[in-house]
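J.: Dock chains Y, F and A against the given chain X, drawing on the hints supplied.
Letter by letter, the chains look like this.
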Amino acid sequence: MKFACDEEQSLLADSVRRLLAHDYGFEARREIVTSTTGYSASVWKAFADLGLLGLGIVLEHGGFGGGALACAPVLEAFGEALVVEPYLATVTAAQLVARGGTTAQRETILPRVVEGTLRLAFAQTEPGARYDLAEVSTLARASGGGYVIDGQKCAIVHGSCADLLVVSARTSGQVRDPTGISLFLIDPRANGVTMRSSRTLDGLRIADLSLAGVQVAAEALVGSAGSALPLIESVVDYATALLCAEAVGAIASANAATLDYLKTRRQFGAPIGSFQALQHRMVDMVISHEQVKSMAWLACTSVDSERDEVKRKRMVSAAKVKVAEAARHVSQESVQLHGGMGMSDELKISHTFRRLTMIAQLCGDANHHLERFTHSKR
Amino acid sequence: MKFACDEEQSLLADSVRRLLAHDYGFEARREIVTSTTGYSASVWKAFADLGLLGLGIVLEHGGFGGGALACAPVLEAFGEALVVEPYLATVTAAQLVARGGTTAQRETILPRVVEGTLRLAFAQTEPGARYDLAEVSTLARASGGGYVIDGQKCAIVHGSCADLLVVSARTSGQVRDPTGISLFLIDPRANGVTMRSSRTLDGLRIADLSLAGVQVAAEALVGSAGSALPLIESVVDYATALLCAEAVGAIASANAATLDYLKTRRQFGAPIGSFQALQHRMVDMVISHEQVKSMAWLACTSVDSERDEVKRKRMVSAAKVKVAEAARHVSQESVQLHGGMGMSDELKISHTFRRLTMIAQLCGDANHHLERFTHSKR
Amino acid sequence: MDLDYSPDELAFRDLVRTWLRANLPADLRDKVTHYRSLVRDDYLRWQRILAAKGWVAPAWPTEWGGTGWSIMQRHIFEEECGYAGAPPIVPFGLLMCGPVLIKFGSAAQKQHFLPRIYRGDDFWCQGYSEPGSGSDLASLRMAAVRKGDHYVLNGQKIWTTFAHMADWIFCLVRTGAESDRRQDGISFLLVDMKSPGITVRPLVLMDGGHEVNEVFFDEVKVPVANRVHEEGKGWTVAKYLLGHERTNTARLGTSMREFETLKAYAARQRKDGRPLSDDPRFCDQVARLEIELLALSITNLRFLEAIISGRSNGAEASILKIKGTEIQQTLTELMMQAAGPSMQAIASADDTAAADDITGALARRYCNYRKTTIYAGSNEIQRNIIAKQMLGLPS
Amino acid sequence: MDLDYSPDELAFRDLVRTWLRANLPADLRDKVTHYRSLVRDDYLRWQRILAAKGWVAPAWPTEWGGTGWSIMQRHIFEEECGYAGAPPIVPFGLLMCGPVLIKFGSAAQKQHFLPRIYRGDDFWCQGYSEPGSGSDLASLRMAAVRKGDHYVLNGQKIWTTFAHMADWIFCLVRTGAESDRRQDGISFLLVDMKSPGITVRPLVLMDGGHEVNEVFFDEVKVPVANRVHEEGKGWTVAKYLLGHERTNTARLGTSMREFETLKAYAARQRKDGRPLSDDPRFCDQVARLEIELLALSITNLRFLEAIISGRSNGAEASILKIKGTEIQQTLTELMMQAAGPSMQAIASADDTAAADDITGALARRYCNYRKTTIYAGSNEIQRNIIAKQMLGLPS
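Chains as they are written, first to last, in the numbering used here: chain X, 1 to 378; chain Y, 1 to 378; chain F, 1 to 395; chain A, 1 to 395.
These are computed hints drawn from the structure, not numbers from a lab.
Heads up, some of the hints might be wrong.
[Claimed, not checked] Derived lysine-lysine pairs resembling DSS-like cross-links, with alpha carbons at most 27 Å apart:
id : chain 1 : residue 1 : chain 2 : residue 2
1  : Y       : LYS348    : F       : LYS388
2  : F       : LYS110    : F       : LYS239
3  : X       : LYS311    : A       : LYS233
[Claimed, not checked] In silico contact screen, one side only, chain Y against chain A (beta carbon under 10 Å); selected entries:
id : residue
4  : THR125
5  : PHE268
6  : MET343
Ideal Cβ positions, reconstructed from N, Cα and C, are used throughout, including at glycine.
For reference, chain X alone in the conformation it holds in the complex (with noise of 0.2 Å):
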């Protein structure tokens, strides 16, 4: 049992922590956010010097070989900053890779997302799946020695700023069978590709993807074909673990400055902070914040450690339910405590109720890990 960071870890959080302190005040991310790309080079450049983005990646590879756990500081970092580069969405579907792609794919891929010069995302949902992985109707007939592709997909975070996307694809069976999905590397700028990119309203961006026709090599196959979900299921449960790691921070930012809020407006002759009502208000607003913490470190030992997929599945879930009910009562209650001014874009808080109102839906809300906690039987 141990919860706390090791030397090394808290070292590089600090890092983190100096970097953003430094490069990701309030305005130089208002302008990241505003910007064509919707992220900054340089930033992405600075993660990658300081190894964020080798945390989860063997060492044969130029990674760091660590788990959830590991990574879990850093994303803790970027949910106090608001951070919106492209990481989260880079690393899972490194995942991806490193989980289930051939040798050579992984040494051609992962070195390059260690040293920051490649951007990788998932594709997995389509129009109306909600958060079912099991329901992909893209399909991918063989032909000519390779597949080509036919589908749609949507919601694909950071899919814009993608330099290769990983794509699943149904090969064989019926839409939501388990069996019969596999996951095919896409260059973005391929013949039949079309992405339509959005902004969210937490300032990240996320693209909707029509594949037609689109031919790939045989190698463009991520493990074998038509035993993907397995894999899907856990490094989605991994993106989770982060998230929720994630929403340690946002919610930690949001409890810090509603605190100081309390501590500093003053109305009817005193600290707002001084009325018993919103102290209790507070007060139950840093319990969330510990609960969170405990179901995060949750999430993240589970998909490093659970060996039972049925079991690492309920405690994902489990600590995705809470986090998504924390992130709701966090987020609401501190911009109602903040008043008029919890409402303004030209405060923080503001931005980290949006981003904890995203997380709460991310990976699945409530209702869905709840179904999926229930039906889980051990």
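T.: Below, chains Y, F and A without anything else, positioned relative to chain X:
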């Protein structure tokens, strides 16, 4: 649209409150609760003298021909005073006779109910049936012009003090079939009838009933054979609506006691009602009370006037969901805000807590009614 | 949710409903129901249609154009407008400044301003909150120093809704020193927004929308003739305005329309290949909301009846505000949740490409509606009001 | 919920678990798991079994019989005892008076009382609350006037758990005038319950059970030698006791056992002819509770680690109390709800006929457990403590 009592109703409610203030103080009630029978014959007679037992019975049988709305102010007063007399049990079973019985049955039974010389109870629930009114496996076999009845009933509120029971039994079909259920009048002293009485947490009496080869005449059948379920449903909805009205009174009483405590109890040199966290919680209790008043009106008006059965069920269930949750909310908060005093048997608030706890569960808990509300499509 | 209105009330409702169907412009209705931003002209167009019909200021005395309707009729009218998807009435002129002038205004002020407000000649906004005084309104500091027949104003207002669209602003200002009773020394002024020295700065809210502003006053001259009521008695005016009886605090008409939108939207979304509306968990959330709506609808009518019959307990408006805004917020939350992963992508407020698809507006709307429990007396202030005024709990 | 303990911790847990399986008397365990009332002898019998094993006071210094266990081992021991269904340790002697004597007692007091507490020779209770002083403990009034080598006590204590079973009571009394600092002038006394002038009156709680009492003191003589620490310094003792580190604030072992009972019970109840545990709504309620249990279990361990490594933020015990009691109450509520209409009938506490059926105990237990958020510092007081001590919010 009319919510307030008319003058006649107001006068009646005032009379009831005067009676209860005089004869039903906290100590008087305690003596009644701990008595052998669990109710007071003199209070019962006073109820009859005030005409309370005839409020829902038509004039030709000695009553006043009102609906649930006419009865609601009485139940509200009962909720305030925590009346334990078998009123709701009797008027509910009387409705089964009034709405479903033969002329002979009505003429024999209802005038005696009105004059207070006949107490009734409805034996419906069976072990394991929960709140499903169609789950009846007690069997009534036609035999020699009458019926022989075998089965088990449980949780019969005020069963042990009833002079006559209305019992549901199956004359055809399988358990949970909507058709095939019939109602019978059974004398609790008949051969083969065994009744086991218990106390309830809130000072009432409840009985389990065993029927072993109980012979009844054909005249014991209420209504036509096999088609009693719609009648049972409508009368249980009627009882539910009255229970909602009782909740209005019990919640009002809990709120008044709590508000009084907040104003008089001092800690840290000030009345605890000056602490803002407690003030806001008290306000939420007041809001719950307003909502329950609205929903009790909705339930009563729906059972009185709504001809669309599906809609009636939806509205009664909507009311009971809200009432169950408000009963839980107000009872728990009122005890918590009373601190240790709220736990004491010596204060009325702990008795109101117990009654509200039961009201939340009686006639179907929140889950049951949420399900019924959701599934009763318009 | 057909609560049983009387036959007269039903007839009135049908009259209003029929008129709305014929006279509410489809493009305005679509803007409202598709969550697109309304501009000044949208508000004014609808106001002028109502004015032409004589229905724009039902609660005003009939001599100034009021309809003479009963409280129940006004309630029905407001609910029907919300239910039909009519643009909301901008309250600052018709519901706030107008009633204040009717109660406190000089004959000249009434003659000049009331018809203009009625017809929508002027677009009004409200200068109450200041950076240091939000919930604690009486702590306001904006100074108005009298010089001859003018006041000279210096200071700042904040959260001023629609200041960027407005021709006039009514302000609470400090004309006297802050004494022991901070409520003393406050006056109520009508200020032309074109006056030299007024600067309006947008305050973008977190949904990206521009509704509210900071308004800076630098040596702004206001004729003494534009003061309403006596100097130093502005707090009396402000209190009247805050307590001025309104019938649509709960905004149930709008919420009922939104509830139907939610049900229809959820039926179009898919989960496991079936309509989301079949999902038991989502279904329960919708059911609980419907029950809240039922409870508040009846509570609203009960309160109206209590007010009409003089049995008001004084807490009605606060309770309706609290529950009404909770319902409004839950509606936006369930809509966003219903959209699933697609809720992430937002359409900008003017994105006509997405005009027919509301999905891109849902997350913005969720954010925007957080304001409802903050503005117009935060829900915390409403609870304080109930605790003090209705329950008599000590400070 | 196997959180990954270290191999050493797992070995210790197995050691404790094995010993409990062999040494916890089945009749005691059944009484606990079937919600029957425990009497004085039940508590003492289990205490003496633990004492014989040397495990009855793990946290005491080893010279007085402590085990020398680590904080984590003590935590594991306490959770295992709760999980196994052992009678709870009555805290007043072993966890309260003992540690106070070890810290503040005279050599003579230690020599006399500690071994007796350890062995269970004396049954203790706690005289803190008074009718006028509950949450505001420092407002207590019970007077102790010194006369020679005795104090003479007059006054009343209330909510005194197990006073009717107790041989001794430790009391906070007022030995000096109430000065500006109300905490001054309070002393800590040990009082023999057999002293003339003490009257114990039962306070029946709403579940019908007798746990707490009023204790009246009428000219009760207490030797000065029974005062712990200096005269007038009782508040120091009381504060030490309140802040005395305890490891089982969350009572998770007990709650985990209760959670398994709930699941098994719900599987035996029927709904629509199927197990209630298949009902989606009930199932979700149970799932949410399990998630709360998971979250609190990990939080508990995180806090222990923080305390061990000196990173305590001071609010740990309060957070564990708040969430732990919420879980305990939800457990009793879901059990009662699971029983359906049968929950109405209650068995009396001594109804041996119903001894094997827990249904008759569920509503009583729900009522009884409302106390958990009130006693030992109400959850409101815990929130005040967090707001002040951890968050630094002003009064």
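J.: A separate judgement is required for each hint: does it hold in the structure or not?
T.: Status of each hint after checking the structure:
This hinted pair checks out: LYS348/Y and LYS388/F have alpha carbons roughly 26 Å apart, not beyond 27 Å. Distance restraint check for LYS110/F and LYS239/F: the Cα-Cα separation of roughly 20 Å lies within the 27 Å cut-off, and the hinted pair is therefore satisfied. Pair hint LYS311/X plus LYS233/A does not hold up; C-alpha atoms about 54 Å apart against a cutoff of 27 Å. Because the closest C-beta pair between THR125/Y and chain A is about 5 Å apart, less than 10 Å, the hint holds.
Hint on PHE268/Y holds. Least Cβ distance to chain A is approximately 5 Å, under the 10 Å limit. Annotation: interface hint on MET343/Y holds; nearest CB of chain A at approximately 5 Å, less than 10 Å.
Hint 3 from the earlier list is the only one contradicted by this structure; the remaining hints agree with it.
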